[in-house]
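What follows is the residue order along each chain.
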Amino acid sequence: MAIDSTAGGGARAVCRRLCFCLAALVATGSLRAASAETDGWQLLSGYLFRDAYDAFTRQPVSADRARALGEAASLLNHPPVTAGKIERTEAQLRQLIAADGTDDTAMYARLLLARIVHLHRPAEIAEVETAYRAVIQANSSHPLAQVAAGKLALVYLYQRPDLSVPQRLAAAAELAPVAGTGFLPETACAYYRALAGAALFYNVLDAQVLAWLHRADAIGTQDVLVAASLRIQLAEAARALGRREEALAAYHRFLESILPTDNRFRTARERMEELEASP
Amino acid sequence: MTRIRPMTLLAGVILVGLFVFSAGRLFQNKAGVVVSPDVEVIRFAHWQLEPGVREAFAAIAADYTALHPKVKVEQMDIPSRTWKQWLRTQLVGGTPPDLIELAAYENPDDMLARYFTPVTAYLEEKNPYNDDEPDLRGRSWRESYAAELIPTPDGMGSYYNSNLLEYYGAPNTLITVRMFYNRNLLKAALGEERVPRTFDEFVTLCEALQSYAKKTGQPITPLAGSVFNITKITDTLFYTVTQRLAIELDYSLNLELSGHELLIQYVRRKWSLHTPAVRASLQTVEAFGRFLPPGWVQLGREDGMLQFLQGRAAMLATGTWDAGGILMQADFPVGAFKMPSFRRDDPRYGPGTLGRTSEAATFAALSFGLTRASKHPERAIDFLRFLTSRKSNTKFARISKWLPVIKGVPMPVEAEPFQPVLDGYIGGVNMRGLGMRGANAFLQYLHLLSGKEASADRFIEAIEPLCDLGAGEELAHIARVTLTTLRQRDSVLAGLYRQNNASGLARTKFDRLAASQLDSEAQRLQGLRTLEDN
Chain E
0 MAIDSTAGGG
10 ARAVCRRLCF
20 CLAALVATGS
30 LRAASAETDG
40 WQLLSGYLFR
50 DAYDAFTRQP
60 VSADRARALG
70 EAASLLNHPP
80 VTAGKIERTE
90 AQLRQLIAAD
100 GTDDTAMYAR
110 LLLARIVHLH
120 RPAEIAEVET
130 AYRAVIQANS
140 SHPLAQVAAG
150 KLALVYLYQR
160 PDLSVPQRLA
170 AAAELAPVAG
180 TGFLPETACA
190 YYRALAGAAL
200 FYNVLDAQVL
210 AWLHRADAIG
220 TQDVLVAASL
230 RIQLAEAARA
240 LGRREEALAA
250 YHRFLESILP
260 TDNRFRTARE
270 RMEELEASP
Chain H
0 MTRIRPMTLL
10 AGVILVGLFV
20 FSAGRLFQNK
30 AGVVVSPDVE
40 VIRFAHWQLE
50 PGVREAFAAI
60 AADYTALHPK
70 VKVEQMDIPS
80 RTWKQWLRTQ
90 LVGGTPPDLI
100 ELAAYENPDD
110 MLARYFTPVT
120 AYLEEKNPYN
130 DDEPDLRGRS
140 WRESYAAELI
150 PTPDGMGSYY
160 NSNLLEYYGA
170 PNTLITVRMF
180 YNRNLLKAAL
190 GEERVPRTFD
200 EFVTLCEALQ
210 SYAKKTGQPI
220 TPLAGSVFNI
230 TKITDTLFYT
240 VTQRLAIELD
250 YSLNLELSGH
260 ELLIQYVRRK
270 WSLHTPAVRA
280 SLQTVEAFGR
290 FLPPGWVQLG
300 REDGMLQFLQ
310 GRAAMLATGT
320 WDAGGILMQA
330 DFPVGAFKMP
340 SFRRDDPRYG
350 PGTLGRTSEA
360 ATFAALSFGL
370 TRASKHPERA
380 IDFLRFLTSR
390 KSNTKFARIS
400 KWLPVIKGVP
410 MPVEAEPFQP
420 VLDGYIGGVN
430 MRGLGMRGAN
440 AFLQYLHLLS
450 GKEASADRFI
460 EAIEPLCDLG
470 AGEELAHIAR
480 VTLTTLRQRD
490 SVLAGLYRQN
500 NASGLARTKF
510 DRLAASQLDS
520 EAQRLQGLRT
530 LEDN
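In the order they appear, the protein sequences are chains E and H. The first sequence: position 151 = 150 (numbering that gives the first Met the number 0), numbered continuously. The second sequence: position 124 = 123 (numbering that gives the first Met the number 0), numbered continuously.
Among the hints, erroneous ones may be present.
Chain H is faced by these chain E residues, among others (derived, beta-carbon under 8 angstroms) [what the hints assert, rightly or not]:
1. L43
2. L75
3. N76
4. R114
5. L118
6. V146
7. P184
8. C188
9. Y190
10. F200
11. L258
12. T260
13. A267
Note that these hints are calculated values from the structure, not bench results. Values in this document were obtained by computation on a predicted structure and should not be read as measured data. Here a beta-carbon is modelled for each residue, glycine too, at the ideal position from N, C-alpha and C.
Next comes chain E alone, as it looks inside the complex (with noise of 0.2 angstroms):
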């Protein structure tokens, strides 16, 4: 019995010895994945596409979502970039989608889908709208939503000649509440800044494109160059829409916070002159 037990706890050390090697591979696999995962997103955010995609799947395909979004984000951009492989990207992200819609990655895989729609492969407008719409309608209190609600902003300001003008700027401003959101505040700024910069394209100048600059600088950028030319903006827009006070008071506030680097001092101050000079 004596031996039958110490052979037995003997097999049983083993046993737990090999549970033990077992579990510190899996542990130490899994390590390794997910440091391949979080260099994966490093690289790809580097502009190293290839890298990215070698980081992605240098560990066998598993069940992990998040590392099968960076492949596919990665292998959209790889090098050589093809038909091909878009299509591949196309059809990976269609399956995440489908495999679970509800997650975060469902739903950049949504606005990838959208995008490559849009600028990576021929596709009629309307698909591309429906493709935005997807994204939005999945969850529009996201920050991809936001997203994507101002990228088909942009749709429907330059990609729908169907519509006439007002019809443009009416249809891309009626997306606000979600591309105009707090989620992104840059992004909510470059949107209203995008509406703005549309009317003054098509030399469209009213009280709405004025708002507009209002409430791009309201939300404000960290980008002292936009910033700094939204300012001016507001006191020109306001010019010329014969609002002296409105004016002049930009003209101020741009003058006092004018960076080292920007030619325009002079010009806006002759111009602010040249205002409180009249009547």
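Fit chain H to the supplied structure of chain E, relying on the hints for placement.
Leaving out everything else, chain H in the frame of chain E:
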């Protein structure tokens, strides 16, 4: 037995000799880099072979070594002609120096991301080598720069990358363009040394110099030739004569006519080469073009410089990067002035002008970036801090005659005329911005604006069809190039989203790049809409 012919023998001897010489040089160089293992070697590379720059860097490197005896600083000056190949080889081979000069056109995004370390975090720390400066002591390294390293509006600056949203370099100087002149010749021609304050005075000066040459029989021309130098003059004149037109064409109402707006408004036929201000800008070239030396269009930049240094031309327009070389090599006293502008009451050129253009947006240059392969990154950053401290930048400006870039560095007397003009107006319309085809056509037909038969109208007639074609092509080309960047950013944003999402996305790199992508996309679509509608 076959006899070896003497010529073959001679060739063989030369070949062997060359081999031995090369091997010897190689061995010498190898021997040169062997240093004690406890000595850190920092190498920095640049392409500024202009006289004065290498000497300035060498002096600062010697100061650093005196302060840190266990550090050896090696300067590597690589000719600009071989820079591109050299850079690629070094980076790919994994043997780059610690610090490398950066330029946006030489360092694409993927190169910066792969081979260089962002220095954003370092720049927000203090520069310990400014500890003795009471006004800089409390400021960050970035804030010690005169313009605090504000990014360039076009994202093309050497120190900041607007796609990667990171600083990659620490610059050392500013660059402006000036008219250098031979003081002796100016005095001899005018009877006194008086630099022109208006364009008319400039033309009068050219006339006086030409008369002086004729009278004395000396082979002197008023202006040194070469397209490179002359376009420095034409750019300044174009920007000044058309300032009011720029405000009219600036549909985004930000008092800044971008290259994008310039093209769009041309395709929309809001301006043309016949627009009075544009025609007047070409007539300015017609006015001084008759003083250019014969065959100047064929001359290179070096020829122009040689003409000036040999005293065969009285004036030379060039960037301040040539200042050190001119001041050191000219055996006559040299002065410099900014190309004069026009009076508003000038009957011919005045209607479209506001006044001299501002140079506030003169961005810092000669930036050094830290390579990822650096064996001593902290030491390399320390040397970079030393190099761009107030004391070292003072020394750099004094020896090189280049403009300083750090707050409070005294301007060397010789560099005073190169100081950027801050109190000026916005720039106007430059027809050279009409894309590659337009720019090439401009150079091809520039000779029509020079010589006795100079005629702006003939020039316009020759160049206009090419500009009409070129502007649309350029918009389409920009749309194609932007599309590549936009597509790449789709993948990049996915990476940033995963990295930034954990602690909220507001104002993160993801948010900032998504906003920037929306801007670029809108601009691209404006170009495409314009092409479709016109």
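Hints and how they fare:
Evaluation of the L43/E hint against chain H yields a held restraint, the C-beta minimum of about 3 angstroms falling below 8 angstroms. Evaluation of the L75/E hint against chain H yields a held restraint, the C-beta minimum of about 5 angstroms falling below 8 angstroms. Contact between N76/E and chain H, as hinted, is supported at the beta carbon level, the nearest pair being about 4 angstroms apart and thus within 8 angstroms. For R114/E, the interface hint holds, since its Cβ comes within 8 angstroms of a Cβ in chain H; the closest pair sits about 5 angstroms apart.
Taking 8 angstroms as the C-beta cut-off, the interface hint given for L118/E holds, the closest approach to chain H being about 6 angstroms. Nearest Cβ of chain H to the Cβ of V146/E: about 5 angstroms, under the 8 angstroms cut. The hint holds. This hint holds: P184/E has a C-beta 5 angstroms from the nearest C-beta of chain H, less than the 8 angstroms allowed. Annotation: C188/E was flagged as interfacial toward chain H, and the flag holds, the nearest CB pair being 7 angstroms apart, inside 8 angstroms.
Proximity of Y190/E to chain H holds as hinted, the smallest CB-CB distance being about 7 angstroms (cut-off 8 angstroms). Because the closest C-beta pair between F200/E and chain H is about 5 angstroms apart, less than 8 angstroms, the hint holds. A cut of 8 angstroms between beta carbons decides the hint on L258/E: the least distance to chain H is about 6 angstroms, and the hint holds. The interface hint given for T260/E holds, since its Cβ lies 5 angstroms from the closest Cβ of chain H, which is under the 8 angstroms cut-off.
For A267/E, the interface hint holds, the least distance from its beta-carbon to any beta-carbon of chain H being 6 angstroms, beneath 8 angstroms.
Taken one by one, the earlier hints all hold for this structure without exception.
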